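Colleague: As a plain string of letters, each chain reads:
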Amino acid sequence: MEMIKRILRDVSEIPAMLQTFAKRSSNVFPPIAKDSMYRLLINKVTWIIVAILLLPCLLGFVIYYQTDQGRQIETVDGEKIYYDSGGNLIHEEKREAFADQAYAIIIIIVAVITAILFSSELINEEYEKKTMQLLRTTPIHSFEILLYRYIAGVICMFGIVGLGSILLYYSIMMPAGLHGVLENLDVLLLILKILLFESIAFMAIFSVFTIYFEKPFLVGIIYWAVWERIVSTQNYQKLTITHYLDSVTYDSAKDMNIGVDAETFSLVNSKGDIIATEPLTAMLVIIVFAIFALWIGARGIANKQF
Amino acid sequence: MRIKLEQVTKNYGNVQGISNISLDVSTGITGILGPNGAGKSTTMKMVLGLSRPSRGIVTIDGKNPFFDVELKRNFGFVPEYDCFYEHMTGVEFVVYFLRMHDIDKEEAEGLAREALTELSLDGAMDRKINTYSRGMRQKTKVARATVFNPDLLVMDEPFQGADPTTRMLLMKKMSEWADEGKTILISSHILHDVQSLTDNIALINNGKMLAYGNRHEIRDLINIPRPISIVPVKKGNLRKLAKIMIDEKWTKATAIDEENNELTIETNQSEEIYLELPKILQKEKMTIEKIYSEDDSLDSLYAKLVEGAQWK
Numbered sequence: 179m180e181m182i183k184r185i186l187r188d189v190s191e192i193p194a195m196l197q198t199f200a201k202r203s204s205n206v207f208p209p210i211a212k213d214s215m216y217r218l219l220i221n222k223v224t225w226i227i228v229a230i231l232l233l234p235c236l237l238g239f240v241i242y243y244q245t246d247q248g249r250q251i252e253t254v255d256g257e258k259i260y261y262d263s264g265g266n267l268i269h270e271e272k273r274e275a276f277a278d279q280a281y282a283i284i285i286i287i288v289a290v291i292t293a294i295l296f297s298s299e300l301i302n303e304e305y306e307k308k309t310m311q312l313l314r315t316t317p318i319h320s321f322e323i324l325l326y327r328y329i330a331g332v333i334c335m336f337g338i339v340g341l342g343s344i345l346l347y348y349s350i351m352m353p354a355g356l357h358g359v360l361e362n363l364d365v366l367l368l369i370l371k372i373l374l375f376e377s378i379a380f381m382a383i384f385s386v387f388t389i390y391f392e393k394p395f396l397v398g399i400i401y402w403a404v405w406e407r408i409v410s411t412q413n414y415q416k417l418t419i420t421h422y423l424d425s426v427t428y429d430s431a432k433d434m435n436i437g438v439d440a441e442t443f444s445l446v447n448s449k450g451d452i453i454a455t456e457p458l459t460a461m462l463v464i465i466v467f468a469i470f471a472l473w474i475g476a477r478g479i480a481n482k483q484f
Numbered sequence: 201m202r203i204k205l206e207q208v209t210k211n212y213g214n215v216q217g218i219s220n221i222s223l224d225v226s227t228g229i230t231g232i233l234g235p236n237g238a239g240k241s242t243t244m245k246m247v248l249g250l251s252r253p254s255r256g257i258v259t260i261d262g263k264n265p266f267f268d269v270e271l272k273r274n275f276g277f278v279p280e281y282d283c284f285y286e287h288m289t290g291v292e293f294v295v296y297f298l299r300m301h302d303i304d305k306e307e308a309e310g311l312a313r314e315a316l317t318e319l320s321l322d323g324a325m326d327r328k329i330n331t332y333s334r335g336m337r338q339k340t341k342v343a344r345a346t347v348f349n350p351d352l353l354v355m356d357e358p359f360q361g362a363d364p365t366t367r368m369l370l371m372k373k374m375s376e377w378a379d380e381g382k383t384i385l386i387s388s389h390i391l392h393d394v395q396s397l398t399d400n401i402a403l404i405n406n407g408k409m410l411a412y413g414n415r416h417e418i419r420d421l422i423n424i425p426r427p428i429s430i431v432p433v434k435k436g437n438l439r440k441l442a443k444i445m446i447d448e449k450w451t452k453a454t455a456i457d458e459e460n461n462e463l464t465i466e467t468n469q470s471e472e473i474y475l476e477l478p479k480i481l482q483k484e485k486m487t488i489e490k491i492y493s494e495d496d497s498l499d500s501l502y503a504k505l506v507e508g509a510q511w512k
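As you go down the protein sequences, you meet chains B and S in turn.
Mind the numbering: the first sequence is residues 179 to 484 in our numbering, read in order.
Mind the numbering: the second sequence is residues 201 to 512 in our numbering, read in order.
Source of the hints: derived by calculation from the structure; they are not laboratory data.
Where hints are given, some of them may not hold.
What the hints assert, rightly or not - Restricting the straight-line Cα-Cα distance to at most 27 angstroms, the calculated cross-link-like pairs of lysine-lysine (DSSO-like) are:
id	chain 1	residue 1	chain 2	residue 2
1	S	LYS328	B	LYS308
2	S	LYS479	S	LYS435
3	B	LYS308	S	LYS263
4	B	LYS371	B	LYS393
5	B	LYS201	S	LYS435
6	S	LYS452	S	LYS479
7	B	LYS222	S	LYS305
8	S	LYS263	S	LYS305
9	S	LYS452	B	LYS212
10	B	LYS307	S	LYS328
11	S	LYS408	S	LYS443
12	B	LYS212	S	LYS305
13	S	LYS373	S	LYS434
14	B	LYS308	S	LYS373
15	B	LYS482	S	LYS263
16	B	LYS482	S	LYS204
17	S	LYS408	S	LYS434
18	S	LYS204	B	LYS308
19	S	LYS449	S	LYS490
20	B	LYS482	B	LYS308
21	S	LYS485	S	LYS452
22	S	LYS443	S	LYS479
23	B	LYS482	S	LYS328
24	S	LYS328	S	LYS305
25	S	LYS408	S	LYS452
26	B	LYS308	S	LYS452
27	S	LYS485	S	LYS504
28	S	LYS373	S	LYS204
29	S	LYS305	B	LYS307
Said to hold, decoys possible - Quick list of simulated restraints, FRET-style, between CB atoms:
id	chain 1	residue 1	chain 2	residue 2	range
30	S	ASN220	B	GLU392	51 to 57 angstroms
31	B	ASN481	S	TRP450	23 to 29 angstroms
32	S	ARG252	B	MET215	31 to 37 angstroms
33	B	PHE199	S	SER375	50 to 56 angstroms
34	B	THR459	S	ASN220	54 to 60 angstroms
Said to hold, decoys possible - A few chain S positions that, by computed beta-carbon distances, are all more than 10 angstroms from chain B:
id	residue
35	MET201
36	ASN406
37	ILE456
Predicted model only: the values in this text are computed from it and were never measured.
C-beta: ideal position from N, C-alpha, C; glycine also.
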């Protein structure tokens, strides 16, 4: 009886607690987010990432101007539809080309490197410049210290890499004209969705590495290469983030009739059974995992001694 | 606020930071003195909850500063090193930390401008910190630490890099804050500054507490004679006074400096001299111009303790 009363009392306190948290957040979040985003935007590493993102786009533009002459145009209901010299619909060819390139360049490489670098700038720099010591002498909770930087990092990562994805999409779809650009928006949205969940997951994981390890970049690269690239193709792949990201990608790609099967994403076990997770469950797992990682990270900040 | 360290030891791997240090500090200014690497900063970090003792207990008003986040609402910390968001202006930097104290933007900005103006930074507070001189940086650190009126101020080498004007200003402010009932812990290698701020000192060397308390009392504990100089008004009284003093039980030795009209007595019981001398002078109908002890300064006390003097 006493226990039930206590639980009821605790539950009744939740609205007040949330109200206090919301009020605190309105004071604490804006300055942290503003500073974090500013630091990320003025960082030269960010501009190297932007340059990397722009390279395939530039290549796309070059290819467009070189192949522009061979296109054939058909006008249907006032809309221009483009065909290549072989009579194939360009936007259909480009659909898979964008999906493949975006997945290989943005999802697998650029996003992961961005997450490692951004988490290092946001957390590790605070330790190196010793501003973390000042923060630890203020009444801000270690979870807040991490959470608000993490949110700013996710926003920046998704914003910058997302913008790069949109540019890549446009540069690839250009030969297919406006019709092609509009026709394939679902693939772009899929890439952005995957990118968002990737940002949520990897920013959290690499923030934890930044807190616990002396060389977070090295540890991050090893983790990604060994755990996320190798283990994610094996029987224990459900222990990796890549499995859940691929599950979401696979399910959506299947619905969009992009020519993929479970084996393309290694979502099969050694017996050949498809072990893809339901997309909604996969997204939920990623969010829960990120929250758990943030909690571990907050513990690390709270226990770190100077 | 009451700071209590009970037999605190801190090890960094195989290296000992501080060993078996006990301290009980309440309101007012307390100076922590010691050479570089003595353990002053480690002690301060323990007090601030930035570090946890390997052994022993640290409490602030009975609470553990390492775990109690709310306790930190009353902590003001001026670190020895530079730790700024260099891209911010002075005002932005102070506002940033005020907002960590859950103070809204408008109020925080008002408070920040007021604190920086009080420390004579009104002309520079809207400039980026990366353009600041060392003195300006020092003032910004102090403004950040004191703007929310904390009960506990921990200042690690607050006068470092400060020009004489800044130093005087900071000392004046510290005295005011102490008068307001704040607990101020200050470490400095400029002993003169600490001496003019407080008599309460903790002397640390090689991670060990050499002495803690009133500096005059600590000096009396050291079992080596201390010189006290007396200058009589009339030059003719110099030898007479020396003759009287040499018969007193507290006098170990006397020396006369005719040229400067000065009698120096070496003693282990300086307090006794300060108490008895007026009676002697009254009885002998003598007046003196001054009485002083060169050896009473913190510098000399510091040197004696750190060099390993004998203790009773």
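Colleague: Each of the hints needs a verdict: does it hold here or not?
Modeller: Right, here's what the structure says about each hint:
1. S:LYS328 to B:LYS308: Within the cut-off at roughly 18 angstroms; holds.
2. S:LYS479 to S:LYS435: 20 angstroms, holds
3. B:LYS308 to S:LYS263: It holds: about 25 angstroms lies between the C-alpha atoms, which stays within 27 angstroms.
4. B:LYS371 to B:LYS393: Judged against 27 angstroms, a Cα distance of about 30 angstroms means the pair is violated.
5. B:LYS201 to S:LYS435: Measuring from Cα to Cα gives roughly 76 angstroms; hence the hint is violated.
6. S:LYS452 to S:LYS479: Distance ~20 angstroms between LYS452 of chain S and LYS479 of chain S Cα, so the pair holds.
7. B:LYS222 to S:LYS305: Violated, because 30 angstroms separates the two Cα atoms, which is more than 27 angstroms.
8. S:LYS263 to S:LYS305: 30 angstroms, violated
9. S:LYS452 to B:LYS212: 70 angstroms, violated
10. B:LYS307 to S:LYS328: 17 angstroms, holds
11. S:LYS408 to S:LYS443: 43 angstroms, violated
12. B:LYS212 to S:LYS305: Measuring from Cα to Cα gives roughly 13 angstroms; hence the hint holds.
13. S:LYS373 to S:LYS434: 42 angstroms, violated
14. B:LYS308 to S:LYS373: Between LYS308 of chain B and LYS373 of chain S the Cα gap is close to 26 angstroms, so the pair holds against 27 angstroms.
15. B:LYS482 to S:LYS263: 19 angstroms, holds
16. B:LYS482 to S:LYS204: 22 angstroms, holds
17. S:LYS408 to S:LYS434: With a Cα-Cα distance of about 48 angstroms, the restraint between LYS408 of chain S and LYS434 of chain S is violated, given a limit of 27 angstroms.
18. S:LYS204 to B:LYS308: 26 angstroms, holds
19. S:LYS449 to S:LYS490: Roughly 22 angstroms separates the two Cα atoms, so the pair holds.
20. B:LYS482 to B:LYS308: 13 angstroms, holds
21. S:LYS485 to S:LYS452: 24 angstroms, holds
22. S:LYS443 to S:LYS479: 16 angstroms, holds
23. B:LYS482 to S:LYS328: At roughly 30 angstroms apart (the allowed maximum being 27 angstroms), LYS328 of chain S and LYS482 of chain B break the hint.
24. S:LYS328 to S:LYS305: 19 angstroms, holds
25. S:LYS408 to S:LYS452: Given pair LYS408 of chain S, LYS452 of chain S is violated - Cα atoms ~31 angstroms apart, limit 27 angstroms.
26. B:LYS308 to S:LYS452: The given pair, whose Cα atoms are some 53 angstroms apart, is violated under the 27 angstroms limit.
27. S:LYS485 to S:LYS504: The given pair, whose Cα atoms are some 37 angstroms apart, is violated under the 27 angstroms limit.
28. S:LYS373 to S:LYS204: It holds: about 25 angstroms lies between the C-alpha atoms, which stays within 27 angstroms.
29. S:LYS305 to B:LYS307: 25 angstroms, holds
30. S:ASN220 to B:GLU392: 51 to 57 angstroms: 31 angstroms, violated
31. B:ASN481 to S:TRP450: 23 to 29 angstroms: For ASN481 of chain B and TRP450 of chain S the Cβ distance comes to about 56 angstroms; the hint is violated.
32. S:ARG252 to B:MET215: 31 to 37 angstroms: With Cβ atoms ~33 angstroms apart, the hint holds.
33. B:PHE199 to S:SER375: 50 to 56 angstroms: 40 angstroms, violated
34. B:THR459 to S:ASN220: 54 to 60 angstroms: For ASN220 of chain S against THR459 of chain B, whose Cβ atoms are near 56 angstroms apart, the range 54 to 60 angstroms holds.
35. MET201: Correct as stated: the minimum Cβ-Cβ distance to chain B is 14 angstroms, above 10 angstroms.
36. ASN406: 21 angstroms, holds
37. ILE456: The claim stands: ILE456 of chain S keeps its Cβ more than 10 angstroms from every Cβ of chain B (closest is about 56 angstroms).
Comparing the model with each numbered hint stated earlier shows that hints 4, 5, 7, 8, 9, 11, 13, 17, 23, 25, 26, 27, 30, 31 and 33 do not hold.
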